[in-house]
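2 protein chains.
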Amino acid sequence: MESVRITVRQDEVPFDRDVISNILERFDVEIGRASIREINQIVTTIEKRLGVKFIRMEFGIPGLPPCPIGIEAEVEALREMGVPQFYPPFDGIPRLKKAAAEFVKNFINIDISPECCFPTCGAMQGGLLAQAIAGRLQEGRDTILFLDPGFPVNKIQNRFLGLQSDSIDFYDLRGERLIEALDQRLSRGDVGGVMWSSPNNPTWICLQEEELKGMGELFNRYKVVAIEDLAYFGMDFRANYGQPGRAPFNPTIARYTNYYFMIISSSKIFSYAGQRVAVTVISPKFIEKKFPNLEKNFGKERVGTAFLHGGIYPLTSGVAHSAQHGLAAMLEKANRGEYDFLAPVKEYAQRARVFKKAFLDHGFHLVYDNDIGEPLADGFYFTCSYPGFSGAQLLEELLYYGISSITLQITGSTRGEGLRICVSTTPKEEFERLDFRLRRFEEDHPV
Amino acid sequence: MESVRITVRQDEVPFDRDVISNILERFDVEIGRASIREINQIVTTIEKRLGVKFIRMEFGIPGLPPCPIGIEAEVEALREMGVPQFYPPFDGIPRLKKAAAEFVKNFINIDISPECCFPTCGAMQGGLLAQAIAGRLQEGRDTILFLDPGFPVNKIQNRFLGLQSDSIDFYDLRGERLIEALDQRLSRGDVGGVMWSSPNNPTWICLQEEELKGMGELFNRYKVVAIEDLAYFGMDFRANYGQPGRAPFNPTIARYTNYYFMIISSSKIFSYAGQRVAVTVISPKFIEKKFPNLEKNFGKERVGTAFLHGGIYPLTSGVAHSAQHGLAAMLEKANRGEYDFLAPVKEYAQRARVFKKAFLDHGFHLVYDNDIGEPLADGFYFTCSYPGFSGAQLLEELLYYGISSITLQITGSTRGEGLRICVSTTPKEEFERLDFRLRRFEEDHPV
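First to last, the sequence lines map onto chains A and B.
Taking the working numbering, I'd label the letters of the first sequence as residues 55 to 501.
Taking the working numbering, I'd label the letters of the second sequence as residues 55 to 501.
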């Protein structure tokens, strides 16, 4: 993750086209459909081959040091408590369940009991199991509807589970229009769950209370399960969601429906992606409901029991014991107001503001720019396009200028022209270099 | 896990029948089919209610302190390397992949490259993914055949995946007869994979080289995938499998077929169950093979790519970063001969020898006692029955005498009369108390 300093003078972009073309050919992937991992490998190969340093904007990984509270709690659990000996309780250590329930109360203002909070191996496992439950709840309702664009891996999960998927694009559907489109789609009766992230990966649009309210009413009416991925919890920095027990509280679908999974990741807010620990919250009403159809794959009819004994247990037998203590300690400190977990990650917003400006200054446009009248928040990601380029063409062309990204196409977007730009691993000091490269790109591609 | 010392005089068994009956009624489970977890909860409830201490033999958890090498390596990874910031490589950190390949060479004498070794969130995740691949490899071959009795959760995994399962019972099928029965079953053409553990949970019988050889030939002939669960690696203490690079080497199916998953757990050999870290090895020939049918659920045809990008990635995005360093360090020390990992766990064999004798002295019989002419090895588990009792009756009746276990029924055994006894958490010092309780049981139930 260290950033090799290269002076602007050394930046002889565009890089050697033949070499890069050859590498692209050798990888034999359709660049517009290449996964994040594949782009990652391609760019690393180019860097090694040409001895150059890219501005890496393809990968949504934390670019900040991990929260030390978690580390010290893990060390204590390992050394003093000897936790590696003991299988973790599958439903989570009581300490983490309690801290998670309090966190949900303090920062989201939703009352749930610790029994509704389940540690999972990352938000990834939570998303997989939530889809598994939602898609198998009722016969003939095995479609998960994604509010797109979104996190590509959620669709890989859907495919692993053998479920169906469909998609609604936020692009021209916000506010009332989103609710109408959702109503129309749910009325077909084949959807078991609806999944999205807010703040949204990759557009960083944030669903607003009115939208969540309308969605919640539909979920109640159609008995469809909401799967709310809060991977970027609190990171709509237009408001301060980081004060325990004080408004404003983070928006959530949990205020408006009884059918929800709410997934809280530690990867971004605590820069703790490496330990694969998150919490999945199941609605207190939903967790008690029984569905005969769950019996087939989970051996249990009750939602909570199916999730636990038919899900977490056979998948991984719970979550690494020390990591549970680590996350519990971080949540506890946040709950007591002793750790302002949003303060360090504001760095991402500052980066986004600066880098977004560089793109816009050099002829790029935001693709998703509509946050219902408000200016888009600055955060982990933004989307952009350039006149006359498809997303795949733009991704490839920017490689010659030492900038890597992914297409919106692979995030499920209908906008073929767009790219997702992630700011997380590029420090602000790189602005000059980015600006120089984008200027060269603009000069070489006059509109 | 602490053992409360109660003098034999206080041991007024049988315990209060009415109280225990009421608790059993309240749990509303059919005792013969109760899961390990359910028995666990029932016994804990009885202990609390009556203020008594059971001899807990239901749960197959490590009863020894965790290997300190792993703990210190995790602490270093957490504090010095800051690994929580970084998503672990999905295919595993290079250090662990290398150590695993060397471990397989040193103790199993099989040559594989680090690329064939994948960390998984416990052997659990390895077993799930191995079944997912084996059961989806070819159209019409979605049955996993279990050599039973076995680990009950593997069937819960099978159900989660929506696969079919079938079973062959070791009881009267060892040696030639096992191969014949397997041949017959595989010839029906619907089996994609065969799964077993050796040493076997719960019988502690160990498949012998001749059996593995016969099985391997069948797997090659029928193109069926072996899923070998080495949860109790090296723990057939009749031989010393713990010397790196020196015979005898741990028996394995990998010597006899190109179609295998081999799953090596850290839970028992390193008493490291809490951190959910294991290694799944895919055969070097099998990993490169392509099956069009894998495309549907994994998006990839190549076995290794499907396992990784269509499996580990969408399930958990890899394994807790520090735990990977922990396991790597333990394997490295074992590889260099600096840590004799089998020395501490021999304790289980000593317990089994003593406790087994107590059961046999008081009228119990071993159910599975045939290890092809050899006396059964002593290890984590053994099986037993008592004249005139079904397994369910015996399980319940022993509860009144303060001894907990599970029925063989839930392990897939055809032997309705048997129980699985696990010695792992009962220290040898408890012998007197166990002996006393079993004697009282025998007196109250004369044959």
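Bear in mind the hints are in silico, worked out from the structure with no lab data behind them.
Misleading hints may appear alongside valid ones.
What the hints assert, rightly or not - A few chain A residues facing chain B, derived, Cβ under 8 Å:
id : residue
1  : Phe-69
2  : Pro-120
3  : Ile-123
4  : Gly-136
5  : Cys-175
6  : Ser-325
7  : Ala-412
Predicted model only: the values in this text are computed from it and were never measured.
In this text, a Cβ means the ideal position worked out from N, Cα and C, and glycines have one as well.
Taking the hints in turn, this is what the structure says about them:
The beta carbon of A/Phe-69 comes no nearer than 26 Å to any beta carbon in chain B, farther than 8 Å, and the hint placing it at the interface is violated. Because the smallest distance between the Cβ of A/Pro-120 and any Cβ of chain B comes to about 4 Å, under 8 Å, the interface hint for this residue holds. The interface hint given for A/Ile-123 is broken, as the beta carbon of that residue sits about 11 Å from the closest beta carbon of chain B, more than 8 Å. The restraint placing A/Gly-136 at the interface with chain B holds, with a minimum CB-CB distance near 6 Å, inside the 8 Å limit.
For A/Cys-175, the suggested interface contact is upheld, since its CB lies about 4 Å from the closest CB of chain B, less than 8 Å. For A/Ser-325, the interface hint holds, the least distance from its beta-carbon to any beta-carbon of chain B being 5 Å, beneath 8 Å. Residue-level restraint check for A/Ala-412 is violated (minimum Cβ-Cβ distance to chain B is 26 Å; threshold 8 Å).
Consistency with the previously given hints fails for numbers 1, 3, 7, ordered from lowest to highest.
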